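Participant: Residues per chain are reported as follows:
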Amino acid sequence: MIPTTFSEDLIKILFVLVLGTAALLIFRRTLKALFTIYAVQSLLIALIALVLFAKERSVVLLFVALLTIATKVFLIPRVLRRIQKSMHLRRDLEFRYLTPTSSVAVSTGLIFLVYNTFDRFLSEISNDRLFFFGAVIGISLCLIGMLVISTRKTMITKILGYLTMENGVLLFSIFIAELPFIIELLIILDLVMLIVLATILAFGVDSTIEEFHQKLNSFTLWFKE
Amino acid sequence: MMLARLNSATSRNSLYNWLSITHAGIYLILTFILLGSGRFPAYFLSNQYFFVDSLGAYEVLISSTIFVLAALYARGYVDGLLHHGEIDAGEIQLFYIALNSLFVTVVYAFFSNNMALFWILLEITTLLSAILIVTLNAKENITAALKYLFTASTAMLFSIIGLIILFAITKGANGGSGTLNWNLLMEQANGLSPSLLTLAFILIFIGFAAKAGIVPFHTWLPQAHAKAPSVISVLLSAVLLNIGIYGILRMYAVVHQTSAVHSISVLLIAFGILSIEIAAFSMLPRSNIKKLIAFSSIEHMGFILVGIGIGTPLAIFWVMFHTLAHALVKTLLFFSAGILHQQYRGNKFEKMEDALLLQPLASWGFIIGSLAVIGTPLFPIFLSKLFILEQLGSYSLPLLFLVLALFLLVAAAFATILIRTFSQKNGHEKIVRYKASWSMKLSMTLVLAAILTLGVYFPSGLSDILNSIVANLGFRG
Chain Y
1 MIPTTFSEDL
11 IKILFVLVLG
21 TAALLIFRRT
31 LKALFTIYAV
41 QSLLIALIAL
51 VLFAKERSVV
61 LLFVALLTIA
71 TKVFLIPRVL
81 RRIQKSMHLR
91 RDLEFRYLTP
101 TSSVAVSTGL
111 IFLVYNTFDR
121 FLSEISNDRL
131 FFFGAVIGIS
141 LCLIGMLVIS
151 TRKTMITKIL
161 GYLTMENGVL
171 LFSIFIAELP
181 FIIELLIILD
191 LVMLIVLATI
201 LAFGVDSTIE
211 EFHQKLNSFT
221 LWFKE
Chain H
1 MMLARLNSAT
11 SRNSLYNWLS
21 ITHAGIYLIL
31 TFILLGSGRF
41 PAYFLSNQYF
51 FVDSLGAYEV
61 LISSTIFVLA
71 ALYARGYVDG
81 LLHHGEIDAG
91 EIQLFYIALN
101 SLFVTVVYAF
111 FSNNMALFWI
121 LLEITTLLSA
131 ILIVTLNAKE
141 NITAALKYLF
151 TASTAMLFSI
161 IGLIILFAIT
171 KGANGGSGTL
181 NWNLLMEQAN
191 GLSPSLLTLA
201 FILIFIGFAA
211 KAGIVPFHTW
221 LPQAHAKAPS
231 VISVLLSAVL
241 LNIGIYGILR
251 MYAVVHQTSA
261 VHSISVLLIA
271 FGILSIEIAA
281 FSMLPRSNIK
291 KLIAFSSIEH
301 MGFILVGIGI
311 GTPLAIFWVM
321 FHTLAHALVK
331 TLLFFSAGIL
341 HQQYRGNKFE
351 KMEDALLLQP
361 LASWGFIIGS
371 LAVIGTPLFP
381 IFLSKLFILE
391 QLGSYSLPLL
401 FLVLALFLLV
411 AAAFATILIR
421 TFSQKNGHEK
431 IVRYKASWSM
441 KLSMTLVLAA
451 ILTLGVYFPS
461 GLSDILNSIV
471 ANLGFRG
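Read top to bottom, the protein sequences are chains Y and H.
Okay, so the first sequence: first residue is 1 according to this note's numbering, each after it adds one.
Okay, so the second sequence: first residue is 1 according to this note's numbering, each after it adds one.
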């Protein structure tokens, strides 16, 4: 078991890095870079889960970390890159409602808002500061993901926003209460299916109907297996 | 070669369709047997993640009835889509796989004891229904499906946050082992912190309300219901919206036993009335009959939410009856709209010339459905509306008058569409009559008979089931 203060400091560093990836997601325009940032963000969250496992010895955390690495660090970015290749889209240049700089400012505001709100409620569950920070950053990541969905125009970037939200929920659950492993597994599987379908639909918006239906049929064959 | 391909697709449609009708039919028969046996609740798996109680069985009864009718209707409807090239021959298999998978997922969702498992199954229904929406060869369907996927899934993420908080609260209250099993939540409700329970409920409500089409999370609904093939619109409106409401009802039953119920009731009634209001005003300028029916679904879900918020045993009793009545009436409306769509290749009333002459069954189906959906006496929705409004009057008289005024707007919207649609006269070229298949006519006749019967005859068996649901949910007089 690693020393408590060392693990707590390590987790705090990882929290800051996670917030850094969230900021990058808000204003980076190149799609490949966005996919990599998402993969790095997921890896950081998996590392947080691993450090917590080393601290608390809860096996569910280990499985969640491994599952996150397998799906969110490797599988989902691979699916996104494949769809992006067939869409011939390299950059998402347009922003809606907010510029990148103001989006980062709004995100900072959201983090403070979540901090103040949770300060009132979470003490009833636990007084642990790390638990509190994990919850705040988890929900903040979720809200930042929503911001990405509303300010970016391309469907692929909106999907990344949704994935960021889901990362936020995962981070929140690691600290507040890990659900039973079978539930976590089913949630991840559901997420993978959702992302594959959403990317096929996103492809369909830009392609011809025939090409879209070909991709949809191959998705169902995978789904049948 | 095109003709040969079409014939092959038609015979495949026929085979898959019979399998689907049989599949749904088996579930329907089994549910009748289950409800007749009355051996509730029954738990499954060592962790009790699944269970069967009277509420779950009743909802599965409604769902399997609607699925049998929809599968029967789909026989002729999908043939029509094939002939007009609105669906590819290669998509038939995908359509029926998604349809039957959706039905199984719905059944398991209603039989989930564990709320996290219920959440997962609800997400899967979103995926499957999005696939069903895009089986049609139209770009607008892809946009509608994407909007549906995004809105529902984003809202559902808030629900899972709420469920995680709920899990943490129960862990804290039990000293170590948390639970999201509904039966255990009901037992432990009194020991949970009301403020945290309220926070958890509000977050959970966001996702389930989005699935149920409650304002302001309803933005996906009008487009999805209008663009989807009519047989899928039936399932979206009559079954899938019910699952969202079911989730809210289960959670409300837990909250009802604590002091948090007062603020939550106000929340539910407020959102319910907001939904009725937005739906009523949105219905007035409509020219697309499927969008009109879609907004009517929002209105009815809002009304059901008001009934749940009132929370008296009588209100919950009639809410459950309203679920059944609404499902049947929406089925009739969308079936009629489907035939009219096949006749006029569109959903706008301006195109529907000589509808009463060309499609008397669909036209009368739409007229009777419209009368039924606004709550005209001798139709089932009249009964549930009357009694829920009576309960609302006991709760707050100004709110009763507000809701009545909104219902007047809804009636005006339907009256306008009816008058405009069925007074469209053909002055120009001859319109070729679309021959609706026997399966479409049979399904429409069956649902019409069910509505007319339920409006004047209230089976005692149904009364027993609804009373046991009210008691099991903890709403006692």
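These aren't lab readings, by the way, just hints derived from the structure by calculation.
As the structure is a prediction and not an experimental result, all values here were calculated from the model.
It cannot be assumed that every hint is accurate.
Below are the PhoX-like pairs computed for lysine-lysine, each with C-alpha atoms no more than 25 Å apart in a straight line [stated by the list, open to error]:
#, chain 1, residue 1, chain 2, residue 2
1, Y, K55, H, K171
2, H, K348, H, K291
3, H, K425, H, K351
4, Y, K153, H, K171
5, Y, K85, H, K425
6, H, K430, H, K147
7, H, K147, Y, K85
8, Y, K55, Y, K153
9, Y, K215, H, K348
10, H, K425, Y, K215
11, H, K425, H, K291
12, H, K348, H, K430
13, H, K435, Y, K153
If you only want the chain H side, here are some residues facing chain Y, beta carbon under 8 Å, derived [what the hints assert, rightly or not]:
#, residue
14, E86
15, L146
16, E187
On the chain H side, residues computed to face chain Y include the following (Cβ under 7 Å) [as the list claims (entries may be wrong)]:
#, residue
17, I142
18, A145
19, K147
20, L157
21, I161
22, I164
23, A168
24, G178
25, G191
26, S193
27, L358
28, L361
29, W364
30, I368
Backbone N, C-alpha and C define an ideal beta-carbon position, used for all residues, glycine too.
Participant: Hint by hint, note whether the structure agrees.
Facilitator: Going down the list of hints, with the structure as the test:
no.	hint	in the structure
1	K55(Y) x K171(H)	20 Å, holds
2	K348(H) x K291(H)	10 Å, holds
3	K425(H) x K351(H)	10 Å, holds
4	K153(Y) x K171(H)	41 Å, violated
5	K85(Y) x K425(H)	52 Å, violated
6	K430(H) x K147(H)	39 Å, violated
7	K147(H) x K85(Y)	23 Å, holds
8	K55(Y) x K153(Y)	42 Å, violated
9	K215(Y) x K348(H)	32 Å, violated
10	K425(H) x K215(Y)	44 Å, violated
11	K425(H) x K291(H)	23 Å, holds
12	K348(H) x K430(H)	19 Å, holds
13	K435(H) x K153(Y)	44 Å, violated
14	E86	11 Å, violated
15	L146	5 Å, holds
16	E187	19 Å, violated
17	I142	4 Å, holds
18	A145	6 Å, holds
19	K147	10 Å, violated
20	L157	5 Å, holds
21	I161	6 Å, holds
22	I164	5 Å, holds
23	A168	4 Å, holds
24	G178	6 Å, holds
25	G191	13 Å, violated
26	S193	5 Å, holds
27	L358	30 Å, violated
28	L361	32 Å, violated
29	W364	36 Å, violated
30	I368	37 Å, violated
Violated hints for the displayed structure, listed by number in ascending order: 4, 5, 6, 8, 9, 10, 13, 14, 16, 19, 25, 27, 28, 29 and 30.
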